[in-house]
Each structure stands twice: as structure tokens, then as C-alpha cells.
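From first to last, the protein sequence lines stand for chains A and B.
Residue numbering for the first sequence follows my numbering, starting at 1 and increasing by one per position.
Residue numbering for the second sequence follows my numbering, starting at 1001 and increasing by one per position.
By construction, these hints were calculated from the structure, which means they are not laboratory data.
It is possible that part of the hints are untrue.
Straight-line alpha carbon distances no greater than 25 Å define the calculated BS3-like cross-link-like pairs of lysine-lysine that follow [unchecked claim]:
(1) B:K1069 - B:K1044
(2) B:K1118 - A:K5
(3) B:K1118 - A:K7
(4) A:K124 - A:K7
(5) A:K49 - A:K124
(6) A:K122 - A:K5
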Amino acid sequence: MAYVKGKGTIVKHTIASTLTAIAQVMSVSLSGAASQTFDTTSLDTGVFKTKAETGYSEPGTCELELFFDPALSGHQFITDLIASPATNAMQITYANSGSTTQSFTACGVEVGVTVAMDDGVKMKVTYQITGDPGYPT
Amino acid sequence: MIAIITQEGLELAPAAVLTPHVLDNSQEIVVTRNFRQARIRVWKVGGVVDHPEAYMLVQMGVAVPGDEKCAVAAGMSEEQIAAAQHAAERLRAGIHPSDFSAYDAGLMSGYNGDGTHKPGLNGAKINAN
């Protein structure tokens, strides 16, 4: 058991068939992965509603917040995915001693840029994950 | 378009097509991943990447141009390429911006699992934070 620090975590995306690190990432948020269920409640069910697994799982999304450098090719590669949609193999390496790595494929990206008077220019990137979200096992 | 890999341990994407050319220019290595030994395929330093996006590897500081087409597409001076490569090494080590000066001074080379600094080339070891 260990408390793993966020500092030192590396996020990579694929450029020219090569996993390359994304610069200036401030935070990584993986969310929405869930095994799906359906309601099996019927008129003869007791008080509590019942559920069953559908056998499918939602892979969720990966959200990055980064200091956006519009001249940096690694950041331009992300925004290029808007004009030229493509799946992209990604990898997160956590900063623990075992180099725990989570690999997944992103399919679809949403970006938003924020320019504020009292802050650096920031970008929020949301990748839709397709297939296995790659949580370490 | 051709770029020459300069960064050690640059991993090929899982879906990379392993043509004879790619196999010649890459190698399998054993790394610790998820606390287990794992085999991954990485580009050899000096490996030749022939890809329409190869110039982006130059811009990201992990390769140098291998032909005129790549050099033109990357559009960088030698100084800019050197600066990009330094930044890429720092990024690969996961260095936080607040530690850039310590990394650049050789005081640290990365982080241990508990967040403390791994000693840099000059052997100094300082605590994180």
C-alpha cells in the first residue's frame, strides 16, 4: 500500500506510431467507466428495486487540463484531431516505483481553451475512450 | 519523410505496423511495468522513422531530421532542435515545472515513488517540495 503522488505522472499520445509525452499537463481525470446494468424490478419484486448486469461496460473518458502552447506541435496534434478525427493510442504512467501504466485508445476528442487575465492560457481536453480503459490489474 | 530517433526508450504504439524496416530500427526491451517484467518495443537510438508525421517527432524533441523534406516540415534551427530535445528529456522524466531549475542544474534526474528527487548527474540529492 502506498500514497502515489500525482507529480511525475506522464501522459503519452501516439505520433508517427510512437508514444510521445504530452507537455505541460496539470491534471488527469479518468471518469465514467462503469459496468452497465438494467432494471429487473417487476410487480412481484420486494421493496428494493433489483438490477442485473447487461454484460457491457462503459469505458468512460480521459480529461486533461494543460497549459496550452498553441505553437507546440504536441498540442497542435491534439487540436488536429478535431479537423482530422482519428483514434489514438494513449498511455498514462503513474509516478510510483512499479511504473504502473494504463494504456487505452482514445476515439473522439473535445477541446476547450481558456484565456484569462490573471492566469496562463489553459486547455481542457476530453478524450472518449473506446474499448478497454486499461485500468491496471 | 524521415526522422532519426535520438531519445532512448521511445516506445512504439501498440498498433504500430511491424514492417521489416520497423523491426530493423527497433528492439524489444524488458521494463518494469505494473510491478511486473514486461516486454515492450522501442525505437533504437539512431533508428530511422519513415512516416508522414516524422517531422512532429523532431518538433517534439525526440528525433532529428533525416532528410530535407523532414527538415523543411519541422522548420527548426539547430538551436531550436537542441532546446526541444532538452525539454523532451525533462518531460520524459516527468519533471514538474517547479523543479526545472534543479533538473537543468543536474541536482535531480526524476522522482522516486514517494516524490523525493532521484539524484542528478552531479550526485546531489535534495528532497522534493
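query = Hint by hint, which ones does this structure get wrong, listed from lowest number up?
reply = 5
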